[in-house]
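Mind docking chain B on chain A? Use the hints.
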Amino acid sequence: MKAASIRGKLLGAALCLTIQPWLLAHDLQTSAVLVDGFVVFQANYEGSEAVSFAAVSVHGPDDGNPHADAYQTGRTDAEGRFVFIPNRTGKWKVTVDDEVGHRGTQEVTITSLTEPATAAPAAPQSSGRSTTDRLVIGLSVIFGVVGLLMAFLQRRKGAVSA
Amino acid sequence: MHIADGILPVSLCVAGYAMSLTAAAIGSRKLQTEEVPRMGMLAAATFVASCVHIPIAGSSVHFGLLGLLGAMLGLRSVPVVVAVLLLQSFLFQHGGFLTLGVNALNMGAGALSGYLLWRMNRLPLGLRGFLAGFAGMMVPALLVMLEFQTAGYGRSLLVLTGVYALLGILEGGFTSMVLTFLQRTRPNMLGLATPPQSFVGVASQPEGPSA
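Protein sequences, first through last, are from chains A and B.
Residue 168 in the working numbering sits at position 98 of the first sequence; the count goes up by one each step and never skips.
Residue 271 in the working numbering sits at position 117 of the second sequence; the count goes up by one each step and never skips.
Among the hints, erroneous ones may be present.
Derived list of chain A stretches under chain B, where covered just means 3 residues or more per stretch with a C-beta under 8 Å from a C-beta of chain B [said to hold, decoys possible]:
(1) 204-213
(2) 217-229
Chain A side only, calculated, beta carbon under 7 Å to chain B, not exhaustive [said to hold, decoys possible]:
(3) VAL170
(4) HIS172
(5) ARG173
Residues of chain B clear of chain A, computed beta-carbon distances all greater than 10 Å [unchecked claim]:
(6) ILE161
(7) ALA179
(8) ARG183
(9) LEU270
(10) MET274
(11) ARG276
(12) LEU279
(13) ALA319
(14) LEU321
(15) ILE323
(16) GLY327
(17) VAL332
(18) PHE335
(19) LEU336
(20) ARG340
(21) PRO341
These are computed hints drawn from the structure, not numbers from a lab.
Predicted model, so just to flag it, every value in this text is computed and none were measured.
We treat Cβ as the ideally placed atom computed from N, Cα and C, and that holds for glycine.
Same shape as in the complex, but just chain A (with noise of 0.2 Å):
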């Protein structure tokens, strides 16, 4: 009994090591570099893969209403960018959406309209962990819950029979 259960952990183990490399959650990462006063936005599913010729909208700086006309429509290329020329200074947005219900946004900071070639790029919008930490979190949250939901419900179970 103690050795099949043994063999079942390992196997569990064994099946982790397996699928992790396809372990690749489609979080919609985006980010942003000026490049002589073109603002060139790169879109990726986590993972690296491309978020190709999906629909992207530039908004401007004064454009509050997000329903406002945009400043520039189109769609990304193979490689997931898209390219723009800002004509004023300040905060814009550009947001690609796949159609397909994934959608990011991000900020672009544009403080001359004559950048140096080498600008720094613009923060990319993702939570910066790897999938593996991510998962490892979730299962914790997991498994704390059902730790946590066992002691209350045995709590109060022994008091409504007390």
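Just chain B now, with coordinates in the frame of chain A:
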């Protein structure tokens, strides 16, 4: 299938929250201590399975194990679905917070349809398992398509639904294997699916001894 924020109208999102939270509250009633570990294990399995994504048709699809969840937990699957989606939304940005209710409603409907199909013991055991897994994949996909249509959003959704149908066949086969195995070897593991009064008549107890 996890809908991001900003796609659906707010009224639909609010209705989704109201319906899914009500269903989760009903599914959590009279919860017993011994039911919790199984719910936790299945929550963990669903959480991991939904992270195995398959890039296809310019997007990505993934397994959900919702049919298995529904067949093994019955109404208890709804609170599990809500908890798993909350974690996925926080940790993986799968779906938005505003659309969490609608997403939970879609996935919960998948799990419950799997549960209902699994309990139709007039059908052969393997077929019931297959249909439970297939419905667990297809019902959410069709609901998402319906919601996108309502919101006037999306492209090539029919193509994606076709992809999900193929994935549903795979998931149906897997669910059928697991449920048939459990029914024959550990039928007490399928003992949580207690039918509510409203379902009596359309569904009946599965074969084998219950817990």
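Are any of the numbered hints broken by this structure? If so, which, sorted upward? 6
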